[in-house]
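**Q** Make a model of the complete structure from these sequences and hints.
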Amino acid sequence: MKRKLLFGLFGSAVALMVMASPTLAQDEDPGAAIEAVQATLDNVFVLIAAVLVIFMQVGFALVEAGQTRSKNVANIMMKNMMDFCAGVLAFFAVGYAIAYGGDGNAFFGLGNWFLMDTGAYEGTGLTPQVDFVFQVAFAATAATIVSGAMAERTKFASYFVYSIFITAIIYPVVVHWFWGGGWLFDRETPFIDFAGSTIVHGVGGWAALMGAWILGPRIGRYAADGKVKDLAGHSIAFTVVGAMILLVGWYGFNAGSELAADEFIGGIALTTTLAAAAGAVAAMVTSWITGGKADVGMAANGLLAGLVGITAGCFIVENGWALLIGAVAGVLVVFSVKFFDKVKIDDPVGAISVHGVCGAWGTIAVGLFGIDVGLFDGGGADQLVIQVIGVIAVLVWTCLTAGLVFMGIKYTIGLRVSPEEEIEGLDIGEHGIYGYDEHIVVAAIELDKADHGTPAAV
Amino acid sequence: MKRKLLFGLFGSAVALMVMASPTLAQDEDPGAAIEAVQATLDNVFVLIAAVLVIFMQVGFALVEAGQTRSKNVANIMMKNMMDFCAGVLAFFAVGYAIAYGGDGNAFFGLGNWFLMDTGAYEGTGLTPQVDFVFQVAFAATAATIVSGAMAERTKFASYFVYSIFITAIIYPVVVHWFWGGGWLFDRETPFIDFAGSTIVHGVGGWAALMGAWILGPRIGRYAADGKVKDLAGHSIAFTVVGAMILLVGWYGFNAGSELAADEFIGGIALTTTLAAAAGAVAAMVTSWITGGKADVGMAANGLLAGLVGITAGCFIVENGWALLIGAVAGVLVVFSVKFFDKVKIDDPVGAISVHGVCGAWGTIAVGLFGIDVGLFDGGGADQLVIQVIGVIAVLVWTCLTAGLVFMGIKYTIGLRVSPEEEIEGLDIGEHGIYGYDEHIVVAAIELDKADHGTPAAV
Amino acid sequence: MKRKLLFGLFGSAVALMVMASPTLAQDEDPGAAIEAVQATLDNVFVLIAAVLVIFMQVGFALVEAGQTRSKNVANIMMKNMMDFCAGVLAFFAVGYAIAYGGDGNAFFGLGNWFLMDTGAYEGTGLTPQVDFVFQVAFAATAATIVSGAMAERTKFASYFVYSIFITAIIYPVVVHWFWGGGWLFDRETPFIDFAGSTIVHGVGGWAALMGAWILGPRIGRYAADGKVKDLAGHSIAFTVVGAMILLVGWYGFNAGSELAADEFIGGIALTTTLAAAAGAVAAMVTSWITGGKADVGMAANGLLAGLVGITAGCFIVENGWALLIGAVAGVLVVFSVKFFDKVKIDDPVGAISVHGVCGAWGTIAVGLFGIDVGLFDGGGADQLVIQVIGVIAVLVWTCLTAGLVFMGIKYTIGLRVSPEEEIEGLDIGEHGIYGYDEHIVVAAIELDKADHGTPAAV
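Chains as they are written, first to last, in the numbering used here: chain A, 1 to 458; chain B, 1 to 458; chain C, 1 to 458.
Honestly, the hints are just simulated from the structure, not real lab data.
Be aware that one or more of the hints could be misleading.
Same chains, same label: a pair holds when it works inside one copy or across any pair of copies.
[What the hints assert, rightly or not] Straight-line C-alpha distance at most 20 Å; calculated EDC-like pairs for lysine to aspartate or glutamate:
(1) Lys410 to Glu421
(2) Lys229 to Glu424
(3) Lys449 to Glu438
(4) Lys342 to Asp230
(5) Lys229 to Asp451
(6) Lys227 to Asp451
(7) Lys449 to Glu421
(8) Lys338 to Asp225
**A** Here you go:
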């Protein structure tokens, strides 16, 4: 196909600026020509959606950087950039074949390694290339969720290794279960997770849980008397801008999951918008009532919680239910964050709550409110049951495999930096630089030491 | 419609990855099939445009944060995030019905509350959902303009209440006057405001005027001898990046206002580009001549002024006039900012000048340069007259209603924070956190106190 | 055409919200109607691609700001904003006519000044307006590359003058050679540079080389004993976020260069993704091996190097070669940055290496790996020879003309600020403000003085 373009390009001098799609002129059957235009439109839409999902990496990087300390900003940025870059390589080589390879079984795919077998895609509206770019952006999303929960204390090399495992194996297997036509899809009442509340965000959230748990809390986070000490992030501007960018990208995430340009994309965008707004307002109000002030970081987390919550059912719930799903996610995230601090699982950015807990809520909500299938919308309990089964299955799989990977890393190359490095910051320890002007970061480190003690005092 | 997708999704296992628009195969009439593809293309284009307009919220947040002080950054970010989130809820419940509801009159619409009556949209190219997402992004834009002008001294709860009023009532009524088919549209020579120089930016700008006026200036802004004291913003990088993001989003704002994908979108994008560039260069040169140096913040405001100016006429002016409209807006914004400081209306980000004054200029410019309708382009004075009437009507309506809302808030829950809180920063006072590392913000606050005095010295 | 819209808009009240493309109803021939929809789709896609390329200006601004010092952040932001704004005006008036004007010769075009002659575009799929907006975004990209290499010591007025020259003349002439149908295109074996590894990035990179060379290094950069002293940038977060935004925008840059919506855009997006990922990982690994730590700034540069490298051949190389091209670019950029420091050409952001060197590599790589034309993919040496000729021709042209412009400026209005101003920062010297809170910047300046000496000590 590329050759065709080459000839199209150089067949004549005049052609240089034309390069209109040649299919039209060649087709004599209007029906086929119309379908060709529609197929091109599908590809254009999903490619733009893929670009929006890739843009979400910027949002994640900013949200995570904003909620962590200035001495670790270069490290968190690097992790986010490498999640995507290593993820592309791993998903290209292995992950996509496990997720969508045709020769597999109900649990994992096989075939089309390194995207060699383009014949695998015949009969779909999307070209294999557009489909891959869209799918790899999702894989990178699942991976990048974890970086926030493990922030401020993880060795960079170890994180890099984990990042390859999740995009090459852990996430693709889950994808195969449903989107790849596996056991969660190929049954009388199939599981429903339209854009990945569980498949993407659940995998990321539960892997984050295992990472944060196995790592242990940051130095100074939990006082001897059990009190939670605030290790405040260094830029609310980054956090809010990141959350807003995630909202922008999420339109690609959800509407693009239609995998076609059709009359349903608007409805998906609408439920997504409503749930996001409801989540942010609900989290703000909840934090205001429980804490006395309108908490900005929590409102941003509420926005994301609403988005994660609506992702599974965005195409199949009425607007009113979308509002409810978002609002519940916004309340849930506030209490979930408190809960994980109570059990001393230290998640600096609330990733477990936003993506794991609210992803589970959104997935189960389809069994409650899904049009014709939900318990409260004309369906019986069948859908609800399989939704719960799906959530649990993904939780178990992810906890087991991610736990294995993290334990394997812990007992070989090591998962956590030394206490000295943690206190001086990972930017210097792992990357040899300060993320900002040295005088700013050093002052912050000194104040941190005064507040939270030195390694000896841990 | 959602049910159809549901069946499309689960009708067969193979269908999972296909999901191509089913309309094509069913249509036997090529004409209808072609129209269906075009309608889908319209929806795709306007949805992407809506996402770009939503992205403008990031631009506004950064512009406003950059031009205000570090002790108020969390507050300004929260206000921008909540403008959108509260705006979505208010516009969904009430605003959209007032703007576009069918059962209304020349002044406001009625019907389709909570978007319940999807039949209202029959016969249009866009699905109701895509139309709503596009329109709500505009409503949030009108609301968010005000947050900058009222920055650094407004109670968050009070701002939140105002924000609901503007998106639920003040803005929707104006929309109904023209886009909703009301009295500015349904006349022999209709008012022309293609994408909202007056309808969106005018409403925002004049509400900003009332807010800034009723609030009064920030502590330390105007010395006893009448001199204006600079309360410098804390990040030029944020300001410029925000302005550039607004430029990016504005392509959705203006070209998307075509509400269809057709051959005119390129012309709209071109006049938009030219006016933006001319505005930035003109404002830079003006600031250079009048102030001796090339003022970066003013150049950014000039970029925005050019964009606001071209918004009304972007589809109906020649390229040369587009350059002129932008350049005049760029000059105007510099002098307008000076003027409002002279009358001691303290607008930290220049929102009144950029959106109110340059919005009026752009709207009137259609009466001067609009192809076939403008005084200097083959038309008589009719268009100019209605343009001026429209500008004045929107100004009067907005000042009255926004004034009422702000006065009502002022004498109930109060509009302004205490002087002590203003000096210590709204981040701590309203939200209980510092937006950056504490040592940075506290040092800035101390220097601020030394420069601009304490409450006692006000 | 604009009049048609005007009538369409006001023909009837009902029409207000419809505004569907009227072409469909009027066409009775399905073939023509289908082609009209496809043409609209082409325009929509390329317009969105143009918006993505314009978004790249935000990426460049952030990358450059992050890698330079806080005392120069307002200046670098202003330069980036003005590159675009002045570039739009210059390219509109002159550049586009030289690049694509019909009445020219093999070396430069003539005609269509100020975009007056819209007839010039007949027969192409894109409207002249969409084409211009896309092309002007490329021109601004070529210009903005230079601002980073000349950062922290160039007079703003001088930079502004240069910026007009490159977008009005230097870049358009090169465009004409190939994309405008000139001597690099109109030959038996045409040069291949699909989206501008050499035409855009080469021009920018070599102009950056001349600028950095003629300016001389920053004060304190090279010690008397020849050692390179680190003048660390002030925000790694900006650098990485900027690089990720450039990745996002690059999908518009490369896929949009197809100038049509067709089945090839996915393949272009895929090779672009693979090369970017490979570049980032390769640069990270290289820096790790050679420097002992995973260098974040270098990884970001590697991402950009991979993108620049694949730009020429993104439509004509297999996925495996795309990975190789990106990986080689990632390694190359690390050593190239070291090389330019060795010869004491001070490029604060590595622009010469990223855009010049890796642009050349990517262009030559088409002669090695291009499907059917590359030395290692079924072709002979013909393509390789013309690729090398093209690279050298653009290098010679750009170095000569940019060198002339910079020398001309140097001996008239002056190119470089005074040593005093350089040490105190260009933000105060050129623009009269600090980019951040004064206490932060002043502290950084004092530390800088202590490290790198005062003018007297230079």
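**Q** Hint by hint, note whether the structure agrees.
**A** Here is what the structure says about each hint:
Within a single copy, Lys410 and Glu421 get their C-alpha atoms as close as 17 Å, which meets the 20 Å cut-off; across copies the closest is 48 Å, which misses it. Taking CA atoms no more than 20 Å apart as the test, Lys229 paired with Glu424 passes inside one copy only; the shortest distance there is 18 Å, against 23 Å between copies. Taking the closest pair of Cα atoms, Lys449 and Glu438 come within 20 Å of each other both inside a single copy (16 Å) and across two copies (14 Å). Taking identical chains as interchangeable, the C-alpha atoms of Lys342 and Asp230 lie at most 20 Å apart only when both belong to the same chain, with a minimum of 13 Å there against 45 Å between chains.
For a Cα distance limit of 20 Å, the shortest separation of Lys229 from Asp451 inside one copy, 9 Å, qualifies, whereas the shortest one across copies, 34 Å, does not. Taking the closest pair of Cα atoms, Lys227 and Asp451 come within 20 Å of each other only inside a single copy of the chain (14 Å); across copies the shortest separation is 39 Å, beyond that limit. Proximity of Lys449 and Glu421 under a CA criterion of 20 Å is satisfied intra-copy only: 12 Å inside one chain copy versus 29 Å between copies. When the C-alpha separation of Lys338 and Asp225 is checked against a cutoff of 20 Å, the pair qualifies only within one copy, where the shortest distance is 16 Å, while the shortest distance between copies is 52 Å.
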